Amino acid sequence: MRIPRPGYLARKLAGVAATLFAVITFNFLLFRILPGDPIRLLARAGNLSPEAIDRLRQAFGLDQSLPVQYVLYLRNLATGELGTSLTYRRPVVQILAERMENTLILLAAATVIVVVLGVLFGVIAAARRGTRLDSGTVLTSLIFWSLPTFWVGLIFVFLLGVYFPAFPISGMTTPGATYATPFDAFWDVGRHLVLPTLTLALVDVGQFILITRSSLVDVLTEDYMLTAKAKGLSRRRVIWRHGVPNAMLPIVTATALYVSLIVGGTIQVETVFSYPGMGRLMYDAVLRRDYPVLEASFLLFAIVVIFANFASDLLYRVLDPRVRNA
Amino acid sequence: MTAVTFGAGGRLGRVGASFRANWSLLWADRLGRAGLLLLAIVFFAALLGPILLPFDPTAVGHSAADLLQPPSATAWLGTDEMGRQVIWETIAGARTSLVVGLVATAISMVVGTFIGLTAGYSRGTMGEGLMRVTDFFLVIPTLPLTIVLAALLGQSLGIIILVIGLTSWPATARIVRSQVLSLRERQFIVRIQSLGATDLRTVGIHILPNVLPLVFANTVLVIAGSILAEATLAFLGLGDPANVSWGTMLHFAFQSGAAGRGAWWYIIPPGLGIVVTVLAFTLVGHSLDRILNPRLRNR
Numbered sequence: 001m002r003i004p005r006p007g008y009l010a011r012k013l014a015g016v017a018a019t020l021f022a023v024i025t026f027n028f029l030l031f032r033i034l035p036g037d038p039i040r041l042l043a044r045a046g047n048l049s050p051e052a053i054d055r056l057r058q059a060f061g062l063d064q065s066l067p068v069q070y071v072l073y074l075r076n077l078a079t080g081e082l083g084t085s086l087t088y089r090r091p092v093v094q095i096l097a098e099r100m101e102n103t104l105i106l107l108a109a110a111t112v113i114v115v116v117l118g119v120l121f122g123v124i125a126a127a128r129r130g131t132r133l134d135s136g137t138v139l140t141s142l143i144f145w146s147l148p149t150f151w152v153g154l155i156f157v158f159l160l161g162v163y164f165p166a167f168p169i170s171g172m173t174t175p176g177a178t179y180a181t182p183f184d185a186f187w188d189v190g191r192h193l194v195l196p197t198l199t200l201a202l203v204d205v206g207q208f209i210l211i212t213r214s215s216l217v218d219v220l221t222e223d224y225m226l227t228a229k230a231k232g233l234s235r236r237r238v239i240w241r242h243g244v245p246n247a248m249l250p251i252v253t254a255t256a257l258y259v260s261l262i263v264g265g266t267i268q269v270e271t272v273f274s275y276p277g278m279g280r281l282m283y284d285a286v287l288r289r290d291y292p293v294l295e296a297s298f299l300l301f302a303i304v305v306i307f308a309n310f311a312s313d314l315l316y317r318v319l320d321p322r323v324r325n326a
Numbered sequence: 001m002t003a004v005t006f007g008a009g010g011r012l013g014r015v016g017a018s019f020r021a022n023w024s025l026l027w028a029d030r031l032g033r034a035g036l037l038l039l040a041i042v043f044f045a046a047l048l049g050p051i052l053l054p055f056d057p058t059a060v061g062h063s064a065a066d067l068l069q070p071p072s073a074t075a076w077l078g079t080d081e082m083g084r085q086v087i088w089e090t091i092a093g094a095r096t097s098l099v100v101g102l103v104a105t106a107i108s109m110v111v112g113t114f115i116g117l118t119a120g121y122s123r124g125t126m127g128e129g130l131m132r133v134t135d136f137f138l139v140i141p142t143l144p145l146t147i148v149l150a151a152l153l154g155q156s157l158g159i160i161i162l163v164i165g166l167t168s169w170p171a172t173a174r175i176v177r178s179q180v181l182s183l184r185e186r187q188f189i190v191r192i193q194s195l196g197a198t199d200l201r202t203v204g205i206h207i208l209p210n211v212l213p214l215v216f217a218n219t220v221l222v223i224a225g226s227i228l229a230e231a232t233l234a235f236l237g238l239g240d241p242a243n244v245s246w247g248t249m250l251h252f253a254f255q256s257g258a259a260g261r262g263a264w265w266y267i268i269p270p271g272l273g274i275v276v277t278v279l280a281f282t283l284v285g286h287s288l289d290r291i292l293n294p295r296l297r298n299r
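Chains as they are written, first to last, in the working numbering: chain E, 1 to 326; chain A, 1 to 299.
Please note: incorrect hints may appear among the correct ones.
With a Cα cut of at most 20 Å, we get these calculated SDA-like pairs of lysine to any residue [as the list claims (entries may be wrong)]:
# : chain 1 : residue 1 : chain 2 : residue 2
1 : E       : K229      : E       : R129
2 : E       : K229      : E       : R128
3 : E       : K12       : A       : G129
4 : E       : K12       : A       : R132
5 : E       : K12       : E       : K229
6 : E       : K12       : A       : E128
7 : E       : K12       : A       : D135
No lab work stands behind these hints: they were computed from the structure.
Note that this is a predicted model, so its numbers are computed, not measured.
Sequences and hints are given; from them, build the entire structure.
This is the structure we're talking about:
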């Protein structure tokens with residue numbers, strides 16, 4: 001496995017930088033051009049005196065022209081100045097820093113489950129194409145795909161909250177808990193993660209199974225699969241050693257859709273289970289019309305997706321010998 | 001397999017003929033047929049439900065004894081935290097879901113097809129630029145974007161439809177473009193062009209009909225996605241407060257803590273409504289995709 005040449009990496013990084021710049025500009029335009037006077041929103045009251053409005057305008061640089069505002073905005077971003085939350089009365093950057101980690105833990109846990117189960121069931125279905133097991137897997141995946149994430153969460157809250165309280169249904173830690181050892185703390189967080197992760201994985205695994213299956217079905221019709229079979233290799237070896245690696249490419253390409261999907265899922269799951277992450281933060285910001293938080297969390301979600309796509313591009317490069325040296 | 005969907009010289013008449021052939025293929029497919037039957041139920045509820053059962057879904061209860069009550073002889077599916085009957089709300093919700101799903105998808109299809117056709121047919125910077133824009137919107141995570149747009153623009157049904165429609169077109173544009181790119185080089189298109197057909201005529205009469213079947217399969221899947229998007233936005237508190245939808249029902253159920261209080265009758269019906277509707281469109285779209293996409297045929 002060779003490492004991508006620096007020329008390729010530089011080009012990709014330039015692409016990421018361009019997309020980042022576009023997202024930042026888009027974010028700026030979204031929150032300044034769309035209807036809704038930011039000062040009114042800031043004050044959250046319609047009956048400000050004209051002098052007070054003027055003072056606020058000056059304080060926030062809104063009396064400047066749009067290009068000047070844009071430069072100010074870029075400079076603030078570069079110094080990590082994202083404004084102050086209207087509800088928490090604290091710098092948005094601080095709040096985001098606390099919440100980001102929790103969301104990344106949840107995303108990572110769910111992604112591991114989705115990838116492992118998705119590839120496993122996708123391969124099983126493709127290997128037994130046309131059988132009952134195959135059509136059953138496809139139908140189940142389609143049903144999972146059709147489930148609204150937040151509803152699955154509500155069902156879990158209902159089942160575990162009322163009938164079998166096996167796992168906590170809210171938060172990330174037990175309120176007021178003191179831990180004797182770090183292991184206890186780890187255990188407590190782990191137990192709180194079970195339901196959000198399960199909900200997220202359950203809904204998003206369906207699409208992964210379908211993509212894996214159709215990609216492997218494609219590969220299985222290739223001539224080299226027949227060659228592998230003719231060499232006398234076992235069925236398992238033919239599929240896992242010769243089929244699956246070749247089927248991985250379309251799966252890696254589908255990462256963009258997957259990341260967008262799971263980011264949307266996180267917002268719903270964190271809302272239902274009161275999990276203190278970016279998603280819950282965004283939900284609260286919508287309910288309280290906390291625009292600085294809303295703006296910053298949208299930007300951060302977009303950046304997460306851009307970097308996930310960059311990672312998948314690099315992975316694609318490593319996996320596919322044909323593009324590796326191009 | 002007799003359906004001709006990508007035949008040379010595809011004209012609208014041929015699309016009609018192949019549509020009938022594909023229809024019988026769809027009915028022959030077990031998942032497709034299941035989807036069509038589920039769709040019939042949902043459309044029946046949406047169109048005839050409010051006529052056959054003329055009850056006001058917004059009528060609230062009169063006393064505390066009417067609030068969040070389990071199913072009974074008078075309230076077949078129980079009542080919500082305001083004393084409204086869950087069964088009437090659920091039936092009324094079908095209409096909202098279908099309207100949002102269909103109109104938002106129509107917007108998405110028109111925009112996506114137009115951009116895909118233009119990007120695929122015009123060589124040079126124009127096509128390149130349009131594709132860059134498409135890729136950009138493909139990268140932006142959809143739910144956060146719709147949340148921000150709905151929060152900024154307001155919460156009427158029209159705005160929600162517009163927001164969903166204008167955020168779901170990039171996938172369609174990509175599908176259409178890749179199809180146009182290969183059609184553009186085909187013999188019959190090159191001949192038509194050398195006979196002096198204008199670009200507008202070439203695209204409108206010769207390329208578009210050949211792209212439509214794939215757009216159609218994609219459309220059905222986009223409807224499913226749009227219905228899910230509406231339900232999710234409404235659940236997050238961005239629904240139209242003046243309209244009953246399955247998403248707003250679940251929003252109020254969540255806000256009133258119905259799940260923790262064991263009010264299953266308030267959680268299950270609207271959620272099941274979403275699942276059945278979305279699944280119906282997904283099943284139809286999935287089997288249409290297999291029928292219309294020649295690469296996937298006979299799988």
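### Query
Hint by hint, which ones does this structure get wrong, listed from lowest number up?
5
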